[in-house]
Structures are given as structure tokens and as C-alpha cells.
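Student: Fit chain F to the given chain A structure using the hints.
One-letter residues, chain by chain:
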Amino acid sequence: MTQQVPAIEVKNLTVSYGPVPALLDVSLSIEPGQLVGIIGPNGSGKSTFIKSLLGFVKPDFGDVLLFGEDAEKAKGRVAYVPQRGSVDWDFPITVGEVALMGRYGKQPWWRELSSEDHDIAEHALEQVRMADYRHRQIGQLSGGQQQRVFMARAIAQGGDILLLDEPFAGVDAATEKAILDVLESTRETGRTLVVVHHDLATASEYFDALVLLKQRLFAHGTPEQVMHPELLSEVYEGTLRIFASLQNEAAAGGDG
Amino acid sequence: MYDWLVETHYASPHLFKALITGLLVSTVCSVIGCFIVLRRTSFLADALAHSMLAGVVVGYLIMKVLFGKEAHAPAMLIGSILSGMLTVALIGFVSRSSRVKEDAVIGIMYTGIFAFGGVLASLFSHYVHIDLLHFMVGQLLGVSDQDLWMMAIVSVTVISFIILAFRSLQLVTFDRVMAASLGMNVVLLDYMLTTCTAMVVVTGVQVVGVIQVVGLLIAPAATAYLFCDRLRNMLWVSALFGWTGFLLGYYFSETYNVAPGAMIVVVLTAQFLVVFLVSPRYGLLADFQRRLKAVPQQLVEDILGVILRANKERCGMDDLVKHTPYKADRIRKAVQSMVRQEWLCFEKDVISLTDDGRQHARRLRRAHRLWETYLQHLGVAEDELHSRADLLEHLHDEDAVDYLDDKLGHPLTDPHGAEIPEDFVHLVPGEVMRLAILREGHTGEVVRVNSGLVDQVAVGDRVTVGVREDNSQTWVINIAQADGQATEHRLNHEEADAISIRLD
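In the order they appear, the protein sequences are chains A and F.
Residue numbering for the first sequence is 308 to 563, as defined by our numbering.
Residue numbering for the second sequence is -19 to 484, as defined by our numbering.
Hints are computed from structural coordinates only; laboratory data are not their basis.
Source: prediction; values computed, not measured.
Careful: at least some of the hints might be erroneous.
Derived contacts from chain A toward chain F, CB cut-off under 7 Å, selection only [claimed, not checked]: (1) LEU361; (2) GLY383; (3) VAL385; (4) TRP416; (5) ALA480.
One-sided excerpt, in silico: chain A residues whose CB lies under 8 Å from chain F [claimed, not checked]: (6) LYS358; (7) PHE363; (8) GLY412.
Idealized CB from N, CA, C, for every residue including glycine.
With the rest of the complex left out, here is chain F:
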């Protein structure tokens, strides 16, 4: 391929021109294509491409009739951009002011204007010498110097515009309302992007033709979209895919002697399909693999629950099957995955919890019992408490459970009288926490007091927490005095929250 790329093109200025054209056009198409993909306007780009025909013919005719010039490239370029803009303006106007939806309007307008161009071309076939076939499928090998200059100018203009106005374009694509609220001219930006698209489409048509130009615009951008999490990266990754697509397609077309335009689009599409299959994050295989590995959270938590309730926290596979509503092979798979995660030990048909597994199971039990207490507060019937809490215990997000605990006044027991596990996530010796979450027997040193609320306690006091009183709504604490005696204080929830303790 190196010989072909360097030596063939070095020897033939004709082929060299085709190579430069292709690289230039595929770059600018891929870059603007990112915005087309993200704004979901690929149908509009297709419309722009088709409506060009009318503009090309009109531009040709005007120069021929008025100035006697044959195939004047700038006039045809300006004509095609104008007809593109006219099409977009018509589409916008009609879809805004009629009940016909935008996609239908695009369909009507672009075929209409394209057909109008076709009618003009055959009506004035004596004057206009446009090769319609090349217009449809492109003519990479027949690019004139004038065309190449035009493409260079378009590419430089469009790419500098995108680099310079990147922030505005990103914001208007992502969040129009905010863009407008910052004083950006949203409509003007839309039109500038559309103008850029129109200019780029004109260059793309030279390479792959009207029918396939959408592929050149969309395929590299969509491929990059499957890789990138930032628009900035997506732009250059897309350009890279545009290059590889063009180079490979062009090489194959030379090798097998087929039309370059078609081959390039075939390669671009193949590229997309391959990436769609293997992309590490958004690909089909990755997705499949994730689904294969995934064990439903609910199943994992049910298994932990069963083991925690079992005698000596040990049980066999058949206990799990009996106490959970799942099929045996799913449970076996879940157990294996949990063994890999080191939550379970599976030895001689006995399943037991590891330290991590026990921690997770306790967290679950705490969530379950707090939910039951909460549901009872709401007045849910006694016999429904357990089943409803079973559903809700899966909402054991740390913050949510702590919030519930706080709202309920840090209850000690659930409605069935079972103890609610203490807040073991925060009760870490040496850490600072609010006194309210401490349980009987905890000791620590006061590090902060909101003295507006509590005046019996001072920073530096040694505190021992006693048995809670008054239906566990009153915290009882003992403060050690200098003489070895201890004084007892009673606090409500708010006061207990006002004191921060460093746990021993």
C-alpha cells in the first residue's frame, strides 16, 4: 500500500490531485458530520445535497447565457449553496406554519427542488453540459484545479469557524435554552451551521456524489460517537475515521477497479459496523458481555438476606432455592459471581458470608428494618409491612437510609421488636459523628457543641451513652467529672444532633 500511496501518486499529478481532494473533503465532512449527528439533522443534509442540482443548473445557465462562460465553477458553487439555503428556508417556513410535520416537509421540498433541477437540465440540454451520472455518484478522478481550490477554501473556512466558535456551537447543540439565555443568537448560529453544511455537501458531492454524500458526512461521525465522551475528541476521531475510510476505499477502488465513491462509502459503513460491534463502552459485544455477567441486584440481596437469617449464617444451595423466587441455575450463577467478588464462601456445599458479605448483608438488614419502621409510621397494615419493606430495602443508597434513620429519630427497634443494626458505616472509632447515632455503651469525647441548643455539655467532656428512655426518644448520657463522679443528662433528638463526638 505504501508503494501505491507514495510512488503512484508522486508519478501522476492527476492521481495526486484526487488524493489531496479526498483527504480534504473527508476531513471537513467528518467534522461537520459530528454536529449533524448530534443535532439529528441527517435528513436535512440529504435534502441539501439533492437540492444542489437546481442551483448548479441555474448557475451554469446564468453564466452561459449572460457571459458566455462554459461550466463556471464559482457560479455553480454559489448557485448550489443558494439553492440549499432556499430549500432549508422553505422547509423551516412550511413546517412552522402548517400542520405538516418537518420530515414530511423535507421530503416534499427536496425532491421537488431536485426534480426541478432535473427538468431544467433536460430542458436546456443544449446549453447545459452537466454529466448527471457523475453528479449522482461523484467524480473523484475528474476534479479540476478550480474545484480543488474551492474545496480548500471551503475546508479552511468551515474548520476555522468550528474551532473558533466551538463553545457556541457546543452549547447551542446541547442546550438551546441556555444558549439563548446567555444572549447567543441561536437562530444565526443555526443558519451558520446550515450554511457550512451546504458548502461541505457541495465539496462532498464531487467525491462521492449526491446520493452517497450523507454517508461521507454521517458515517465517520457516528463511528466516533461510539467511542467518545467529549465533543472535542469526537471531532478529531471522526476526522481520523474519515481518513481511514477514504484511504482504504480509494485503495480498494484502484485495486479492484470500481467506482471510488461507492467503495469509499462501503468502507465507511463497514468501519461503522465493526466499531458498533467491538466498541469498548457503547458496542454490541461489550453490552452483551455486560448482560451475561450481570446478576440482578435484587437476587444478590435476597441471597444475602437468606444466609443472614439462616442458622449460624450458613446454608446450602437448596435453602437458597427454597427461600428465593428464582430458578436454581440463576441462583448458582449468582452465588458463583458473589464468590468471585469475595462476598461468599462456598465450601463442601455450605455457603457462608465473608466479612465483606456480612457488611453488605447488615447494611441491607438495617435498610429493611428502617423501611418497616417508616411504613408503620405511615400507617401501613401490620401484615403488609414485611413484603412492602422487602421491595423497598433495595433502595439502600447510603444517603437515603441515613436520611430515613434521622427522620425517624434513630429508632432502636423495628415494629416486630427486632433490633435495627446501628449505623456501622459511620460508627468508626476515631471518627467524628453526631451523638444521636450512638448506641448504649459507646464512649467518646465531645469535639463540638452548638451551645445555643445545649448548655450542659462542653467541648472536651468525656461521654458515655446510656440506655435510651421514653420510647427511645430521649438520649441519656453520663459525663465524667474531675472528681471521678459522673453526671447524667437527658437530651432530645435535636439536642443530641447538636453535639459532635469523637468515638473511642
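With the rest of the complex left out, here is chain A:
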């Protein structure tokens, strides 16, 4: 096997907001074509990690390399799906326009988008089954539909790396499955997906690899390696109830 350039390589990444460190000396690398989940308790720096991959947050220290290049040069190869809570749902913008935003990086700012750009955005909407809603204002959609629209935007952007911030938060079971289908079909096209995830119960089921963060990097590996009760209870101190149910599930997992 030839040596592959990792899709994402992070070296000694340290980020702080004022005196509070958000990430401390995180180093890891992610191979292309993987679906990776980032888990960790609230305020553990998961979103900060994604934002530093995007170049939106400047690290105090450390490097982010995307496909072996400086993150600055690889801009535009990374597509981003924001957390639901960080979007202004009253913004005067329609579903079609959000999808079209995925193409904004493809033309210089003074030039109109081409008809090809419009086709690509339209196709992305079809892929997430939202094409019928293209004239709706985004506030008039259900939670799952809103999530799918932003997935379409990321698909239209055609980045090699997709970063998703809590895509499964607050959506119903059917939507969760629909989003997962989109994630998996996107991975099959060879893209790398990094997903911030809050639900430990489904984490090992959904992802090829997991990253456990709480300021520092606690674990990175296959779900079996990371979902270790001892490791988890160290990171999620005080929320042991979760593990009791997890262990129950693991015990019952044999027949299901």
C-alpha cells in the first residue's frame, strides 16, 4: 500500500478564548474517506476544533494541514454545516439560495454565478430530497428539513472535507436516518467527513472512527477503542448515568 497523505493533520493545536483554553495540544491525523465522529462533554472544544479546521479560529499554537497543505491554501476544499442554533432562521433567504451559497466560492465576487452553478445547487437539493421546498424561507421548515438544506449546501460546495457541527441535535428518528444516509453516500464518493456528535448511544454505530475530546485529546481510534467505559467516565465525570445505560446496552447488544 502506498503512503497516503492524510486528509486532515493537526499538530499540537492549542486554542484559547482569553485566559480559558479551549483546546490544548491536540495532535491527530484523519485518513481520507473516513466518517469520523467527535465526541466529548459540553464545552469540551468540539466546535472550536471544527472552527480551527475551517480557519475561522486562529490557533495560539500548532498547525492544521489539509491534504498536506497549509489550511490557508486548502480553503474552499472544506465545506461546513453549522449547528442549528447558530443560524438566524428569520434571515430573508430561501432554501434554493442557501444551496446556491455552496457555489459562492467558485466564482470571483464580481461575476454572476453560472448556470452550471445553479444546476449543481439544484442537484444537491434533489439529493437531500428538498428540491420541492426551494422557494420556502428557511424558518418555515422542520428541524430535519433545515438540516438537510445545509447538507445540500455542503454537497453543492463539493469540498473534499465536510465538517458538521451537531447535525443530529434535535431531529426525529426518521430524519436522523435520512441524514445518516446522506453522510454515508457522501463518504462513498471518497470525501472525508468530520461530525461533532453528542449522543454516545449511537456514536459507535454511526462512525468509522471516533475522537474523544475534552480540551485535550483523550482518545482517537475505532469505536471499540474509544467507547471504553473507564475512559468515558474519566472524561464525562459526574454523568455516570449515561454509562450505566450504555453498559446495559452493551450487555443486551448480543441479540440485537
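Tutor: Just chain F, lined up with the frame of chain A:
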């Protein structure tokens, strides 16, 4: 009004200039105002307007002392833009590097710089001849040619910038993180928007004065915001409201002989309030009407449930009152609304279901029984099953229920032994569906088989579904052979899912 608009202004170049000024300024203010409204920076715009005073005075002084020129307009313009930018920079710096929050910092900085301007103006009152009153309330009728040229240049610059950089401005306003990830210079765009705002504020101050300029910026944009679902439309609708506000305000001020600046802002605000009241989608009346008409989903579904359980699917109003936890008048209103929707028939005090109503009620029953089965799987106590499922049955979104059905292995009966209605939404004769959702007695033709999983069945076979076995986990099918005989096959859930059937 036509006479006034055309003939008066044609006759007086002085008034004509005021008209042109007002139209120009209200356009550019309304357009940039959209971004101020969406970025929630109206307080910052107010600060920019006030801090101008210091810049105007300093610009005046420099030209007077160094070049001996009186009231040099370009110097005052540049001075006011610079003092605006300085204020914004100070606000940004202090709020980033101290624990004082941004609104407090804005409050300190702009009053401070405004007051500093006031101090300078009275300290050098011998040199500086600025009419502070006009600065406060505007001087639409006293606009000089120089001012008008300046306004024209500012308007053209700002509006071309917004048109050219529309996509970047839209994205940076809507989603900064994505804008940054595309390599846009977010901070530069912020500063360019602020510079534009500063320039526009300077022109607006000429018309309505420092105190009221925020109204000229925000009111038309906020009015348009109540109408529009696209930023592009919001920009020109806002400009339209800016024009009507200016023209009406200016006309009233001439008719009743009051200060134009004040009148314009009064009209703009009145316009906003009217639209806020009557806007078709985001207005108060529309909202009120919606709430009046709305019948809670839960009530509708409870009523359907009661009728479905009733003898011969008929019941009276008092049965509904007895079996649902709602007051009689609410139930009566809900029934009327459901009759209008043609879900119910209400004749001679007997309420019955229409076909649509029955369809909806069955869908509900299916959701309820699937939820009960699911809850039992989770180990919920027997006596809680019904009440918990009652709460959950309102989650009967098509996809969610089908997902549940699939996860549970398409059960036939619920924990109480009652039959779970078949998937009647998908079981439409002539349509193609997975074999797993078929029930006993269904017949059809195989149109697709995943042969990796199933080898007993081929495309084109005629299939009759038999009674399920093994606690309804094994599907039994009969395939008709050429000789008239039938062969029987047993399939598990996965295999049944691998076969697609066109239902007869």
C-alpha cells in the same frame, strides 16, 4: 399632490434640490439599512451618527486655521467619516479587551466623542460657524450644491458596492464561519460595510439630523423585513418604503409647515406600524387570525380517536366531551373546523367520519399501536403503555412511523393483541413496494430481487402472501408455477426486504 410634486419643484430650483437630495438619501439609507437590521447593529449606526460631530468640527477647524477656508464641505465629510471609523475601532478594541460588554462600550464611546465635538464647537465658537440645531434635526431645505454632489458620489459608490459585492455581503451577514472558510476576508468586509454606513449616515444627517438618522436607516429596512423572504427583494422593497416615507413626510411638512426631518421620520415609523399590523405573513393581524383559526393538532387527533373507537364509528358531542380532556366549546370549535376540512360529518347531532377523516384516524391508530409495540420492546410497564403511546402517537410523521415499523420487523399485532393497521399509505394497487410490508392475502408480481440474498424467487414470479409464522417473524409466500402448482417459501425480514413487488 401631483401639482405640488411637479409644478412647485419645477418652478423653484431650491425646492427641486431638496427633492433630489431626499430621494437620493432615502434610497441609499434604506438599502444599507437592510444590512444594519440583519446584523443587529442599529445601536452602532446611532453611535456613528453622533460621533460625526467631533469630525465635522475638527475638519472645519483644520481647513479654517491652515487654509483659511470657511465651512469646507469635503474636509468636514472626511473628518466625520474618520471620527466614525475611530469610534468603531475604539468600540471594537475596548469590548474585545475588557470585560465590559459591547453595548455599554458603545454607550460610553459615542457619547464621549459626541460630547468632545460639542466642547470643541463651543470652545472655538469664534472660528467654527456650525449650526448645532440643524446638525441635530437636519436641514433638507438648506442643502448646498457641494453637499448634493457629495451625496450623489456617496450614493453611487455605496450602491454599486452593494450590488457588486452582494454575494459576499449576504454570506458574511448570514454565516460568517462559512464566509471565512471560503477564504473571504470577513474583517475587511465588516470594515467596508461600516465605512459605507458611516458615509451614508453623513448624508442622512443632512436630511433628518443626527438624532433621527437611525430612523431613516432602520425603519424602511425593518418594514421591508416584514414582507420579504429574500434579501435581494428586501433591498429594493426597503428603498421603495424609503421613497414613500420621504415623499409623504416632505409633502406633509410643506402642507402643515413643520420641520421636514421630523415629519419624514414620523411617516416612516407610521408606515412600519401599519405594515407590522397588516403584513400578510409576519403581521400582527395575520398572526392573530392564525391563532384564532388554529385548532391544536392534539385535540383533532383525540377527537378522531374517540370516533374511531365508538360504536359504528358514530358518536355525539357529549361522548367527545366525556372522553377528551377539553372544554365543550373548544371541542365544538374543533369539530366545526374539522367539518369544514371534510374530515367529519355532523348531522342530527351524530358525528361520523368521512373517507378522509377515516384515513387520518387509521394513520393515527397505526402510529399508536406501533408506538405501544415499541415501548413494550423497551421494557415499559404494561399499564403505562397506553398512556405513553397516547403522548407519542402525535408523532405520526410518515417517515418516522415507517421507520418504527421497519425496526420492529413489521409487527402484526400490538401488545394488547389488537391488529396494527397495514401500511395503507404505501399499499396502493399497481405500485411497487417491498414484500415485507405485505399482509396475508396480498398478491403481486416480483419486479426486483436482490439475488445475493434470495435465490428462491425470480423477477416475474406471481406471489401470494400467506399467514406469517414464528411469532410473525417469518414471511410465508406461495409462488405460482407453470403447471398450476404453487411452491411455498419462507423468508426472514431481511430477505423479505430484498424483494420488490408490484401489488395487484
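Student: Give me the numbers of the hints this structure contradicts, sorted from smallest to largest.
Tutor: Hint check: nothing fails, all pass.
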